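Participant: The sequence shown runs -17 to 681 under the numbering used here.
Hints listed in this document are in silico derivations from the structure and should not be mistaken for laboratory results.
Quick caveat, the model's predicted, so the values are computed rather than measured.
Ideal Cβ placement from N, Cα and C applies to all residues, glycine included.
Keep in mind that the hints are not guaranteed to be accurate.
DEER-style ranges, computed between Cβ atoms [unchecked claim]:
no. : residue 1 : residue 2 : range
1   : E368      : F422      : 51 to 61 Å
2   : K605      : V184      : 14 to 24 Å
3   : R369      : T639      : 23 to 33 Å
4   : H232      : A489      : 46 to 56 Å
5   : F681      : I205      : 13 to 23 Å
6   : A338      : E591      : 44 to 54 Å
7   : H232      : I398      : 37 to 47 Å
8   : A321      : I398      : 33 to 43 Å
Here are the simulated lysine-lysine pairs, DSS-like style, with alpha carbons at most 25 Å apart [said to hold, decoys possible]:
no. : residue 1 : residue 2
9   : K56       : K337
10  : K473      : K364
11  : K337      : K53
12  : K473      : K337
13  : K258      : K190
14  : K652      : K226
15  : K364      : K258
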Amino acid sequence: MTIASVPIKMKKLSRSAVGSIAFLSLSATAAHAQLDAPDEDDVVESGQDDSLLDMQLEELLTLEATSVAKKRQKVSESAAAVFIITQEDIRRSTASSIPDLLRMVPGLEVATLQNSVIAVTARGFSGRFGNSVLVMVDGRTIYTNNLSGVRWDQLMLPLDEIERIEVVRGPGAALWGSNAVNGVINIISKHGSDLQGGTADVRIGLTKQQANGSYGGRFDENISYRIYANATFTDGLRDGNGDKLAGRYHGRAIGGRMDYEPSGADAFTLAAEYSKGDFDIPALVVRQDLLNPGYDPDLLDGRFSAFHVLGRWTHEVSEDLDWSFQAYYDRSTRFEYDADIQQDMVDLDFGLRWKASDTHEINVGLAARSSVDTLVADGSFKLSNERRSDQWLSGYIQDDITLIPDSLRLTAGSKIEFNSFSGTELQPSARLFYRPAENFAVWAGVSRAARTPSGFERDAELRLTVGLPDTPGNPFSIPIYPVLFGDPDLKSERSTSYEAGFRAQIADGWSLDVAAYRNIYSRIVSLGQTGQNLIFQEPLTAPVGIELPVAFNNNGLAKTWGAEIALSGRIALWWNIDVAYSHLDMKTGQVDGLTSPGTTIVDPNLSPENQLSIRNAIDFGDKFSFDSQFRHVGALEGSVPSYNSADIRLTYRPIETVELSLIGENLLQKRRLEYFQEVFPAPAEYVSRTASIQARVRF
-17 MTIASVPIKM KKLSRSAVGS IAFLSLSATA AHAQLDAPDE DDVVESGQDD SLLDMQLEEL
43 LTLEATSVAK KRQKVSESAA AVFIITQEDI RRSTASSIPD LLRMVPGLEV ATLQNSVIAV
103 TARGFSGRFG NSVLVMVDGR TIYTNNLSGV RWDQLMLPLD EIERIEVVRG PGAALWGSNA
163 VNGVINIISK HGSDLQGGTA DVRIGLTKQQ ANGSYGGRFD ENISYRIYAN ATFTDGLRDG
223 NGDKLAGRYH GRAIGGRMDY EPSGADAFTL AAEYSKGDFD IPALVVRQDL LNPGYDPDLL
283 DGRFSAFHVL GRWTHEVSED LDWSFQAYYD RSTRFEYDAD IQQDMVDLDF GLRWKASDTH
343 EINVGLAARS SVDTLVADGS FKLSNERRSD QWLSGYIQDD ITLIPDSLRL TAGSKIEFNS
403 FSGTELQPSA RLFYRPAENF AVWAGVSRAA RTPSGFERDA ELRLTVGLPD TPGNPFSIPI
463 YPVLFGDPDL KSERSTSYEA GFRAQIADGW SLDVAAYRNI YSRIVSLGQT GQNLIFQEPL
523 TAPVGIELPV AFNNNGLAKT WGAEIALSGR IALWWNIDVA YSHLDMKTGQ VDGLTSPGTT
583 IVDPNLSPEN QLSIRNAIDF GDKFSFDSQF RHVGALEGSV PSYNSADIRL TYRPIETVEL
643 SLIGENLLQK RRLEYFQEVF PAPAEYVSRT ASIQARVRF
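Please model the entire structure based on the sequences and the hints provided.
Facilitator: This is the structure in C-alpha cells:
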C-alpha cells in the first residue's frame, strides 16, 4: 500500500458528533446501525428514613447545600439553579445507579450508549464523556483530565451510602475551577455515625443483578465508621431486533469511611475505596482489506481497577471563622480498545470561611493538583505523548455581601487557575439574591468558566473509522479513512453565562422553582481537515481510498439559551408530586475564515430540546407505598427518536427493618435507543423493558 499526497477539492461533509471525536465515519456507523432498526411499534435529613410526605414544604425549603458557595446554605437562599436528591428520593426511586438517579433532575441529560457507557451532561454539549460538568464525590473530583469527562461505570459507591446529591446547573468555576462550565454534581456520602448497625440490599432483575452490604459502628464516643461492599452484574443491551448483544458488565467495590470528632471544634474524615470491573465492548472494526471496505463486528475485552484515599480536617476557630484542609490520592487503570491507560492523581485543597462583619462573609482557598497519565497502545488508538505529567495551581476568593439584612445579598468572587498545558484562566462570578417577601425570592448571575483541553485532544492519533463510498458522509466513489490528530497547543474553551430565576411558595404545600439562562461559548474544540492523500494498492493504478487527516482546533463557537421549571406539591396528605420540565435551544458556528469546508463542530442536535419528568410518591398507610416516574425525552439527530418512559416501584414493609419492592422500568416500549455510538464505531444498543425485585434489611 502506498499513500500519495494529492490535492482534492472536498465537498462540505455532513456534520456528525464531535463531543470528543467524530467525523465522516459516524455517518457510516449510523447507516450500519440502521440495518438493525426496529419497527416503530417496538420502538432529607442525614440518617433518617422519615418520608417526605411527612415533611412540610417549609422543611423542604430548609434543605442545605454546600456546592453553591462552599459553605452550608439553604437551597431557598441560593443564587443559583440548585436541585437536591435526598436520601428519601434515592430510597423511593427505581434507580440502581447514580446516573439513573440523575434522570430526575431538570436540565440534566442522561443517555445510555452501551452497557458500561452513559452520557451525562447539563444544558447541552452531550457526549460520551460529558466534558462540561464537574462531578465530585465528597469534594473529590472524578472528572478525568485525560478524556475530559467521567467514567460512570467506575463510580461504585452504593446508593445506600449516599446522604444527598447536590446538582448545581450553570457555571461553578469561580469556586470549583475549570471544567465546571455547565454544572457541578457533588455526591455526598453519609457520615460514619449516620447509621449504626448493618444493612443488606439485594436486587435481582431480568437484566441486572446487584448486591450491597454495609456496617456502621463506633470505636468510642468520638470515632465512628462505616464499611461497605458492592457487586453489580448486568447483561448486554439489545440490538434493534431485540437480540442480546454480548456486552456484559461486572463491577465490585469495597470501601469505608471513618469520622473522628475529638471536640466540638475539630472533625477528621478518612475515606477509601478499591474497585474493579470487567466488561465486553461490542464494536465495529475497520476491515484491513482495502478492496472490501467496511466494518466487521467484534467483541472487545475491557477492564478497570481503581483506588482512592481521602483525608479531611475541619477546624472551627469561632462562630465566625473556620477552615478545612483536604488531601486525596487517586489511582486508576483501564484497558479498552487495546489501550492501557493509567492515571495517578494527588490533590491538595485548603479553604477558609471568615464572617468579617454583619455585612461581609468571605471565602478564600488555595489548591494544587498533579496528575501523571500513561497510555500504552498499538495500532488504531495511541497518543503521541505516552506519558504525560500535568499540574494545576489555583486560588479563589468570594465575598457574600449583605446589602439589606434577610433580603438583598450580592455574592462576588473569582478563581484564578494555572495549568501546565494551556496557561492561566480567570473565572469570575457575580450573583444577586433578593427576597422581597417571605414566600418569594429572585436571583440573577453572570459568570465566566473554562474547560481545559484533555490529554486525548492534545496528543491523540486515532484510526478507527471509515467513510463508505457514496454515503451521506462521503460523496466520493472510494472510501475515506479519517486519521485524527491532537494539537498540543490547544487553548481552553471559554463560556460566559447569564442566569436568572425565582423560587416561590405558590400555595399551601406547593413550591415553584424557575431558572433561565443564556450561554455564549468560544474557542470550542472542533475538528478541521488538514489535508488529503490518495491511497494506492499494487498492482492497481487507480486509488483505492482517501486518507483524510483531521486535527483538533479551537475554531468552534456556540450559543445556548434555555429554561428549567420544577414544581413540587402535595395533592393529599398521602400523595406528593414533582414535575420538572427543561427546554434547550443551541446554535453552533465557526470562527470566520479559520476553518476549512471539512470542519466539524459540536452538533446542537446531540441534546434533546425538551424534557419532562413527573414523579409521584404515594403512601398507603405505614406498610405500602407506590412510586412512579414518567419521562419524555426529545429526539436527537438522525436515528434517535424521542421516547416516553415509565418506571414504577411498589414497596411493602412487613416490619420496620425489612423492605420488599417490585420494580418495573422502561414499561412503555419493548426497547428504545437513547443515543448513537459516537467516538468509537459500534452497533446501536437499545435499552429494554425490564423488571426486578429488591429486598432491603437493616440489622
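Participant: With reference to the structure, classify each hint as holding or not holding.
Facilitator: Hints versus structure:
no., hint, result
1, E368 <-> F422: 51 to 61 Å, "holds (57 Å)"
2, K605 <-> V184: 14 to 24 Å, "holds (20 Å)"
3, R369 <-> T639: 23 to 33 Å, "violated (52 Å)"
4, H232 <-> A489: 46 to 56 Å, "holds (49 Å)"
5, F681 <-> I205: 13 to 23 Å, "holds (22 Å)"
6, A338 <-> E591: 44 to 54 Å, "holds (46 Å)"
7, H232 <-> I398: 37 to 47 Å, "holds (44 Å)"
8, A321 <-> I398: 33 to 43 Å, "holds (35 Å)"
9, K56 <-> K337, "holds (17 Å)"
10, K473 <-> K364, "holds (21 Å)"
11, K337 <-> K53, "holds (12 Å)"
12, K473 <-> K337, "violated (37 Å)"
13, K258 <-> K190, "holds (17 Å)"
14, K652 <-> K226, "holds (13 Å)"
15, K364 <-> K258, "holds (24 Å)"
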